[in-house]
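For reference, the chains in residue letters:
2 protein chains.
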Amino acid sequence: MPKEDKNEQKALTKRSDDFSQWYQDVIVASDLAENAPVRGCMIIKPYGYALWENIQKEIDAILKDMGIENAYFPLLIPESYFKREADHVKGFSPELAVVTHGGGKKLEEPLVIRPTSETIIYDAFSRWIHSYRDLPFVVNQWANVVRWEMRPRLFLRTTEFLWQEGHTAHATAQDAKEYALMILDKVYKKFAQEYLAIPVFTGQKSESEKFAGALSTYCIEALMQDGKSLQMGTSHDLSDHFAKSFHVQYLDDSGERKFVHQTSWGVSTRLIGGIIMAHGDDKGLIFPPKIAPIKFVIIPICKNADEPAMSAAKEIFAIVSKIGKGKLDERLNLRAGEKFYEWEKKGVPVRIEIGPKDLEKKSCVIVRRDTGEKESCPIDAIVARIQEILDDIQKNLYARALEKRDASIKIADDWIGFTAGIEKGGYVFAYWCEEAKCEEEIKEKTKATSRCLPFDGKEEKGEHVCVHCKKPVANKKRWVFAKAY
Amino acid sequence: MPKEDKNEQKALTKRSDDFSQWYQDVIVASDLAENAPVRGCMIIKPYGYALWENIQKEIDAILKDMGIENAYFPLLIPESYFKREADHVKGFSPELAVVTHGGGKKLEEPLVIRPTSETIIYDAFSRWIHSYRDLPFVVNQWANVVRWEMRPRLFLRTTEFLWQEGHTAHATAQDAKEYALMILDKVYKKFAQEYLAIPVFTGQKSESEKFAGALSTYCIEALMQDGKSLQMGTSHDLSDHFAKSFHVQYLDDSGERKFVHQTSWGVSTRLIGGIIMAHGDDKGLIFPPKIAPIKFVIIPICKNADEPAMSAAKEIFAIVSKIGKGKLDERLNLRAGEKFYEWEKKGVPVRIEIGPKDLEKKSCVIVRRDTGEKESCPIDAIVARIQEILDDIQKNLYARALEKRDASIKIADDWIGFTAGIEKGGYVFAYWCEEAKCEEEIKEKTKATSRCLPFDGKEEKGEHVCVHCKKPVANKKRWVFAKAY
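As you go down the protein sequences, you meet chains A and B in turn.
Each residue of the first sequence is one higher than the one before, starting from 1 at the first, in my numbering.
Each residue of the second sequence is one higher than the one before, starting from 1001 at the first, in my numbering.
Just so you know, the hints here were simulated from the structure itself, not pulled from any lab data.
The C-beta atom is built at its ideal place from N, Cα and C for all residues, glycine as well.
One should not assume that every hint holds.
[As the list claims (entries may be wrong)] What the simulated footprint calls covered on chain A by chain B, stretch by stretch (three residues with Cβ under 8 Å from a Cβ of chain B suffice, anywhere in the stretch; the number is not a length):
| id | region |
| --- | --- |
| 1 | 62-72 |
| 2 | 87-101 |
| 3 | 348-355 |
| 4 | 397-404 |
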């Protein structure tokens, strides 16, 4: 007997009823991924993986245009390497998966499955970097990493996930900081906004939210439709912390031996969770055309394969395929309505319908996934029109997400305003003392945390006090707070 | 103090002096990869990874053209899953890496790092496949796998390696067998011969050399320059062995529940070892143009950046880059000869030199890596000529490898001929009883093993006896034997 499919399809929950259940439902219904037998791990199904391939392709192209090359470092890291940077091991120890046996024997030294690769990569840097001429030294890798996850959620928090991690070494502290910020702006913000159609805040993380081992962590943060914020990517200024632990040094042009300053930065399959929650609706996924695995679907309205609508659909499919990957839904065992429903769930940006009545007029019907708008289009104008609509959907998704994001912003000057603002969902801008204890208390009371000190925040004159503890703050800019994933 | 680099550059050993040392040297000298701190693991450096990216891109395109989609299955497999197929667990147990601790706790059930993914994927198939309409079911993944390796060699045998593994389910035994053979022929043989310029034998493995859990294993085998054979890829007919262990069943069109028949097939970073050993010479690597990370290098013969040769080199670089990725070597701190030497080591197929004398004649010098031939070429004809030469190098590498391979073939009808043939290196074709004990004895005496029963072997009339044990054999075709990696 085949086993019962625990991931079996159900009707979609409405976002307003239970956003978290909607998220789970839409992933199953659209066939993106499912839970694996090992708790916290996932199987990325072909449709989900095609999305990841598109994400990878575009980010990789951006990185290669910057001259950044890929390499591959080992999955297994000696436990002793991992312990060399004190903050790093402290932060990651609770999340490690440890290999104790290999080849049928107990290992002399346990091996850690990489949760991130600073330690193994900087050990290599210590052999590869000799002089200032080798700097900046930049390398990227696409890899799987494992972090033991107690509260797993598909794509958002999984024990194993896929990502890219970039690692660099620079001559000066200033070079490293600038590089970390450049990656945040020119790669992550650009990719999120221009490809994923998701507006992001860029800013600096608080001490308690930064990467274990970093001097500073910079991030992109985006609003999800339930009013929570998602950290979609981070870029770390590692200063010389790892350089000192791994002896990564160079000779400067006067022959003096110095420690390098480093950065590391990554985005992961978590981006897919962001796409789902930023754009999806009660009918299912909505994919931005630039990264959609299927950009358009053509559905002939006919009952038999030999009807004119089918051959017309095939001709249209051939010409529209110039634009990008599409799908011709030739199945005859499903009604047209069932097909519409299925491709809507899967977030395909544009649907083309062609039936006998359309054929008479030498036209077809185009339906946009984002607005549901229908229009009739002459067949001989179809390629240009589909391209126009895809471009417009890309812009519209961004505009609509930006509108939601901006509408969610509240300015709070006192605790009542702050708690009311957090209660409503979205972002609250407030002055904050930046103390860990105060942040912890804010979190206990409201479930919100500092997301970042945004780079484009405005300086406000006058004396300011912490929105929670009321201590005077030196900062002239507000932090942004929200509940977060 | 920066640590001493154990992978530091040395003069290349000659192939004829010590092939194995030459192999090691050329990998280090060309900057493809190095040993990682964990024994048996490797770091694939940017130049080596760029080669893997090209291999991946081409194979992925071939698979996608066949409509095969990628997915991603988890790294970690419950130990109990692994034990379900008796032959499979017996074959792989000695090679497993086992995770016993996660998130700071001892796990209730140990997890195995995938050495191959049949078990975890077919568990998913048991949930995904319901009816004959779902068949054939085909999926591929690009992933890292871990097999504990006692005698590691960079690329050829590493504890962690990168590969693709395809997995399928079919309605009948015949469908599965045909699919396994189709992949071997249309993907692996095609890729090896047309892209890597390496001629291969295709054939069936003996019982002792087949995949643990398979009914039959088909392979591609190629000659390396030291006279040994390299298994470069395998495609397995798994019959219903795994289907029975993992309950992968379907309803046929009469409503009867049946087990599927399956295949799995893979090629790995081992292919890179094959490229090195099939084509390299005493100067270093020679890459087939179709997969070379850098197809051409342009070297201006000048001492200063403001000389006409430099600006001409830049112009030529811009136009020749239409053909594919190239490199303009603008470095002024190295002499031209040093640059030639470096790019030869790195196996770049074509070198373009341009100096003041060439410029006077409005020409440049082209040097082929495979033959070392030099020619002068008018600058305005350069793109077409470089393309021609690249095509010719691709063909020449194949022709030269085929010549070596065919010249290495010996037909043996008795044990003296067999041992003499093996001693000389290359392939020996002989009748064999197909018994494991006999193969073991042949291996002990000669270090050679059966590589495959080649598909294109000719049937020879008459009675034949095993070349070793002299028992009569039913087979009308000869097996191919060789020492192997």
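Hint numbers contradicted by this structure: Hint check: 3, 4 fail, others pass.
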